[in-house]
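The residues making up each chain are set out below.
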Amino acid sequence: EAQVTQNPRYLITVTGKKLTVTCSQNMNHEYMSWYRQDPGLGLRQIYYSMNVEVTDKGDVPEGYKVSRKEKRNFPLILESPSPNQTSLYFCASSALILGYSSYNEQFFGPGTRLTVL
Amino acid sequence: GNSVTQMEGPVTLSEEAFLTINCTYTATGYPSLFWYVQYPGEGLQLLLKATKADDKGSNKGFEATYRKETTSFHLEKGSVQVSDSAVYFCALSKGGANNLFFGTGTRLTVIP
Numbered sequence: 090e091a092q093v094t095q096n097p098r099y100l101i102t103v104t105g106k107k108l109t110v111t112c113s114q115n116m117n118h119e120y121m122s123w124y125r126q127d128p129g130l131g132l133r134q135i136y137y138s139m140n141v142e143v144t145d146k147g148d149v150p151e152g153y154k155v156s157r158k159e160k161r162n163f164p165l166i167l168e169s170p171s172p173n174q175t176s177l178y179f180c181a182s183s184a185l186i187l188g189y190s191s192y193n194e195q196f197f198g199p200g201t202r203l204t205v206l
Numbered sequence: 002g003n004s005v006t007q008m009e010g011p012v013t014l015s016e017e018a019f020l021t022i023n024c025t026y027t028a029t030g031y032p033s034l035f036w037y038v039q040y041p042g043e044g045l046q047l048l049l050k051a052t053k054a055d056d057k058g059s060n061k062g063f064e065a066t067y068r069k070e071t072t073s074f075h076l077e078k079g080s081v082q083v084s085d086s087a088v089y090f091c092a093l094s095k096g097g098a099n100n101l102f103f104g105t106g107t108r109l110t111v112i113p
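Chains A and B are the protein sequences, given in the same order. Positions 90 to 206 (this note's numbering) are the ones given, in order, by the first sequence. Positions 2 to 113 (this note's numbering) are the ones given, in order, by the second sequence.
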C-alpha cells in the first residue's frame with residue numbers, strides 16, 4: 090500500500106530536550122516536505138527536499154532541522170524544542186513536477202501531535 | 002507573493018443542504034489550485050484539482066471551477082452528508098513547482 094508514515098504519532102516532551110520525528114514514504118518520491126498545522130493559520134511549510142541531499146527552507150524553518158540521506162526518509166529534528174513548537178506536524182511526499190502545466194498529487198502522513206511543556 | 006484566503010469557519014449545515022466554501026488566491030503566473038480534505042484524526046487527502054483557467058475539478062459530488070477573472074476557486078456540493086464533516090483546505094502551487102500554499106482551513110459539520 091502506498092503510504093507516508095510518521096512516528097511517533099503523539100509526543101509530549103519538555104523544553105530543550107532534543108527530539109526527532111521520522112517520516113518515510115514507499116512511493117519512490119523525490120519531493121518531501123514538512124508542514125505544521127496551527128489553529129487559524131492552516132498549514133505552513135517548514136522545510137522541503139527535492140531529492141537526496143537537497144533541502145531548502147519553507148516559510149517557518151526557525152528552530153527546525155532536516156536531513157535527506159535516503160530517498161525514502163525525511164526526519165524532522167528539533168534540537169532544543171520550545172513551547173511555541175507545540176503543534177500538529179505533517180510530512181508529505183510527491184513525485185517531482187516536470188513541466189509548467191503538470192501536477193503531481195502530494196500524499197500526506199497521518200500527523201504527529203507534539204506538545205512541548 | 003502567493004497566498005490563499007479562505008472563508009472563515011466553522012460551518013454547520015443540515016444533511017442535504019447546499020455547501021459553498023469560498024476561496025480566493027493571489028499568485029504570479031498561472032497556479033494550479035486544489036482542495037484538500039482532512040477527516041478527524043487523519044492526514045490531508047486531495048479532494049479535487051484544477052490546473053488551468055476555466056477547468057472544473059470534481060470528486061465525490063464536490064466541484065470547484067478555476068476562475069482567473071475573479072481569482073477564485075470556490076468549493077460546492079449540492080447535498081452534503083454527515084460523512085462530509087471534515088476540515089477543507091484550499092491550496093495553490095505555482096506552475097511547475099511542488100510547493101503548496103494553504104489557506105487556513107474551514108471546518109464543516111453536517112448534522113442529521
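Among these hints, one or two may not hold up.
[What the hints assert, rightly or not] Below, a list of computed lysine-lysine pairs in the DSBU-like style, where the Cα atoms sit at most 30 Å apart:
#	chain 1	residue 1	chain 2	residue 2
1	A	107	A	154
2	A	106	A	158
3	B	78	A	146
4	B	53	B	78
5	A	146	A	107
6	B	61	B	95
7	B	57	A	160
8	A	158	B	95
9	A	107	A	158
10	A	146	B	61
11	A	106	A	146
12	B	78	B	95
13	A	158	A	146
14	A	154	B	95
15	B	57	B	78
These are calculated hints, taken from the structure and not from any lab test. Note that the structure is predicted; figures quoted are calculated from it, not measured.
Given hint residue 146 of chain A paired with residue 158 of chain A - CA-CA distance at most 30 Å: holds, 17 Å
Proposed proximity, residue 146 of chain A with residue 106 of chain A (alpha carbon, max 30 Å): Judged against 30 Å, a Cα distance of about 23 Å means the pair holds.
Straight-line alpha-carbon gap residue 154 of chain A to residue 95 of chain B, limit 30 Å: holds, 25 Å
Pair hint residue 107 of chain A and residue 158 of chain A, alpha-carbon separation not exceeding 30 Å: It holds: about 20 Å lies between the C-alpha atoms, which stays within 30 Å.
Residue 78 of chain B paired with residue 146 of chain A [C-alpha distance capped at 30 Å]: The hint is violated at about 37 Å.
Holds or violated: residue 158 of chain A to residue 95 of chain B, with C-alpha atoms at most 30 Å apart: Given that 30 Å is the threshold and the Cα spacing comes to 27 Å, the pair holds.
Hint consistency between residue 61 of chain B and residue 95 of chain B [alpha-carbon to alpha-carbon, up to 30 Å]: holds, 26 Å
30 Å Cα cutoff - pair residue 146 of chain A, residue 107 of chain A: Holds, at roughly 20 Å.
30 Å Cα cutoff - pair residue 57 of chain B, residue 78 of chain B: holds, 13 Å
Pairwise hint evaluation, residue 61 of chain B against residue 146 of chain A, where the allowed Cα distance is 30 Å at most: violated, 35 Å
Given pair status - residue 160 of chain A, residue 57 of chain B, alpha carbons within 30 Å: violated, 34 Å
Satisfaction of hint between residue 158 of chain A and residue 106 of chain A, Cα-Cα up to 30 Å: holds, 23 Å
The earlier numbered hints that this structure contradicts are 3, 7 and 10.
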